[in-house]
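J.: Order-wise, the sequence lines are chains A and B. In this text, residue positions in the first sequence follow the working numbering: the first is 1, and each later residue adds one. In this text, residue positions in the second sequence follow the working numbering: the first is 1001, and each later residue adds one.
A couple of the hints might just be wrong.
[Stated by the list, open to error] Cβ pair distances, simulated, as ranges: (1) A:Gly77 x B:Glu1031: 24 to 32 Å; (2) B:Arg1115 x A:Asp135: 35 to 43 Å; (3) B:Asn1231 x A:Arg231: 51 to 59 Å; (4) B:Ser1160 x A:Asp135: 55 to 63 Å; (5) B:Glu1186 x A:Arg291: 38 to 46 Å; (6) A:Gly77 x B:Arg1115: 22 to 30 Å.
[As the list claims (entries may be wrong)] Which chain B residues stay away from chain A? Per the calculated CB distances, all over 10 Å, these: (7) Glu1031; (8) Phe1084; (9) Asn1117; (10) Ala1188; (11) Arg1198.
Keep in mind that the hints were calculated from the coordinates and are not lab data. Idealized CB from N, CA, C, for every residue including glycine.
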Amino acid sequence: MTESTRIVVAGASLAGLRVAEALRGNGFDGELVLIGDEPHEPYDRPPLSKSVLTGRIGTDRLLLARTRTLHARWLLGVAATGLDRANRRVRVADGREIGYDRLVIATGARARPWPVPAEAALRGVHLLRGRDDADRLRADLVAAPRRVLVIGGGFTGSEVASSCHDLGLPVTVIQRGPAPLAGALGRVVGDALGARQRSFGIDLRVGTVAEALLDDGHGRLTGAVLSDGTRIGADVAVVALGSVRNTEWLAGAGLRADTGGVDCDTACRAITLDGTAAEDIYVIGDAARWRHPHFDAPPAALEHWGNALDQAETAARNLTRGGGSLRHTTGLPEFWSDQFGMNIKSVGLPHIADQVTLTQGSFERGPFVALYGRDEVTVGAVAINSPRVMDGYAALVAECAPFPPAIDANDSPTTTRVLDAGFAPALVSGGLS
Amino acid sequence: MTTTQPYPSAPIYERILDPANRHDPYPLYAELSADPLHQLDEHTWLVTRHDDIARLLRDPRMSVSDPQGQPLDPPLLGSDGTPFRGGFLVLDPPHHDTLRKQTMHQFIPRILGLRHNIEELVQQLLDAKGQGPGVIDIVTELAYPLPVGVICELLGVPRSEEPVFHRFAELLTRGLDPEESLSEQEKADLAVGRREWREYLIPMIAQRQAEPGTDLISGMLAEGDPETRMNAIELGSTLGLLLIAGHETTVNLVTNGVLTLLRNPGALDRLRADPDLAPGVVEEVLRYDPPVQMTSRHATAPIRVAGQIIPTGDRIRMMLAAANRDPHRFADPERFDPARLDNAHLAFGGGVHYCLGAALARIEAQTALSAIATRLINPRLLDDPPVYRPNMILRGPAGLRVAYDGITA
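For reference, chain A alone in the conformation it holds in the complex:
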């Protein structure tokens, strides 16, 4: 790689920062440019729905640790708005055009907005994706609202509900599916977690959608009308309906991209419209839609913290490999969530399963582990307050162990019951956080 080479990273969050660091770590000594739509230096997002909302830490303390000096040019507060592949240029929001030799797309995702703009604009209606969102929401939560309405019972919604509960606020969660977290974990586990949420006093309404957000006549939220006809009074609503990948800026660039992500291969190379891998454009993080080689499942964006790191490592290795062989991302998908006193850890792809079985503990109380299978192969596991056994389950997923495998731990159920995992087809897409 010559000194004149310039790598542009579009996106300056976790994936963007880590790919830049890994490039330098691999000895890349050319020019490095990072473009970020937020004015902030790269920061950690997982606390936004948890310790930031409860006030345990401020958003000024979330900056991601730097592992090395980057010697990079930072363009912060300007989104990438266009890509000209023929001339290898990225257009940014202030009109400038940045030339590149290699491009890394790490523009991530944003919260899916409330579909009615006038209602979305009401004071008291919030999205939660960035630190400015979290600051605004926190300000409304400390103003003692009568009730908080959380629209969407996925991970973000459930974590927000938990934080509001910790603040002593009455909370209603509206979930379209049959149980909270059902899109990611299925109905069986979702029901178990929903029962626990209710035991904290959460007013959980499943199989329900919010049909309208109500204006108090002065541009402020006063409540919502639900699909079952009831009205709920609330001063704060958090719209947690999943995410939309930030790919609009790639329109016309000849890459296979839509709101579901930018297609890439396991080496993180972007896929062009003719189906070939671009050698000069890589995609990583929440914006990358790819088929994990271990699973028989359609391509999907894996919007997890660990996936961003894995792909950053892969892209950096491949960008600096010279004549060496390609690295492929093969690590098993993993994510976690903390809510209602529970640490939830997942490995593999539970959402592609057709069956589930309890392997340790009990759905009713205390810690438990549930294992997911598809076509009699183990494809995923979820552990509640049992993070320290996950590597064992990950090994079962990695070796495609027959489902259900024998565990027979001291706290395993005496008989193995295999249940329908309860993934409604409509729930499989979108909404994972």
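Given the structure of chain A, go ahead and fit chain B onto it with the hints provided.
T.: Just chain B now, with coordinates in the frame of chain A:
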């Protein structure tokens, strides 16, 4: 180890068990690690690689409870209503988790507050040697007194009780050895020792119940939910566990650390010039020469390791000390390098049984090694290699005599 069939790896394992090789088993481990998995006898396996061991330590199918273990006679009950079988080191979840959590709540905050006392204790032990030239036995004059002094501090017992604790520590530590390595006499002594320990604790616990103080025992007696709180027999075994698990291990860590530093004068000089390097030194000692060389579990269900299915009920031994030098995991693994950044050693185990005292061990070893580096003038080993205790799992020198030209104040 009984070899009923010809198992090709059994002879090398025999050599590892042989006390004659105790001073340097690492070449044998390297030979062993050429294969990720060995069968030692019909029902015993040995795993050598870092990735396999790290995973197995976190596998729910790996049980610590002895399938042949018998409840005590007469039977005593644990707080969960099942027969008491021992401290939580030999229990599986869920009861293990209940007991461990209560212990963590009381133990961890207290040890974090102990750093100053530990520093003072280490300085006192060196002060006792005077200032002139002399010889210190690191084992008996520093590494042994340190953890005993710390446990006395934690339990709020006077220093005058230290000899009693020292004796119990020696007696009960044999309980950490594999059952089959103990003679009938040793097993009997151990049973007597455990009974005496319980009897020794009864008045102490009663006194704390009547007049609660700020010590660990008083804390444990009031910890958490009365419904699930550990009962007297469990409290006694937990306190015994804290005593023994933190004893010989700390002795080995401190002694191995001093030995390794004296064999690597460059590292010793750097630590002397900058005692803030102690955390990196201790992590590297933990990797390079860990106090606990091996750990064991039983399979509750068939487990695949290195392409082989290990059947239910078989014993799986994991050679932590070999994994810590696994060339697939560590760059230049045979080199002692305190500046190593990527040092995910397995010295403290992993998973639900990850060493509860890791933070305490770190504080004790960091303090002791910096004090040795900064206060001993021109330290040198008198016996290299030193004489080792015969124990293979909790491996460490029986004594480590170091000559010096003086001790700075």
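J.: Against each hint, give a clear statement of whether it holds in the structure.
T.: Hint-by-hint comparison with the structure:
1. A:Gly77 x B:Glu1031: 24 to 32 Å: violated, 59 Å
2. B:Arg1115 x A:Asp135: 35 to 43 Å: Cβ of Arg1115 (chain B) to Cβ of Asp135 (chain A): about 37 Å, so the range 35 to 43 Å holds.
3. B:Asn1231 x A:Arg231: 51 to 59 Å: holds, 53 Å
4. B:Ser1160 x A:Asp135: 55 to 63 Å: Between Ser1160 (chain B) and Asp135 (chain A), where Cβ atoms are some 58 Å apart, the hint holds.
5. B:Glu1186 x A:Arg291: 38 to 46 Å: violated, 59 Å
6. A:Gly77 x B:Arg1115: 22 to 30 Å: The hint (22 to 30 Å, Cβ to Cβ) is violated, given that Gly77 (chain A) and Arg1115 (chain B) are roughly 44 Å apart.
7. Glu1031: holds, 26 Å
8. Phe1084: holds, 15 Å
9. Asn1117: Check passes; 30 Å lies beyond 10 Å.
10. Ala1188: holds, 29 Å
11. Arg1198: Given that every Cβ of chain A is farther than 10 Å from that of Arg1198 (chain B), nearest at about 25 Å, it holds.
Of the hints listed earlier, those the structure fails to meet are numbers 1, 5 and 6, in rising order.
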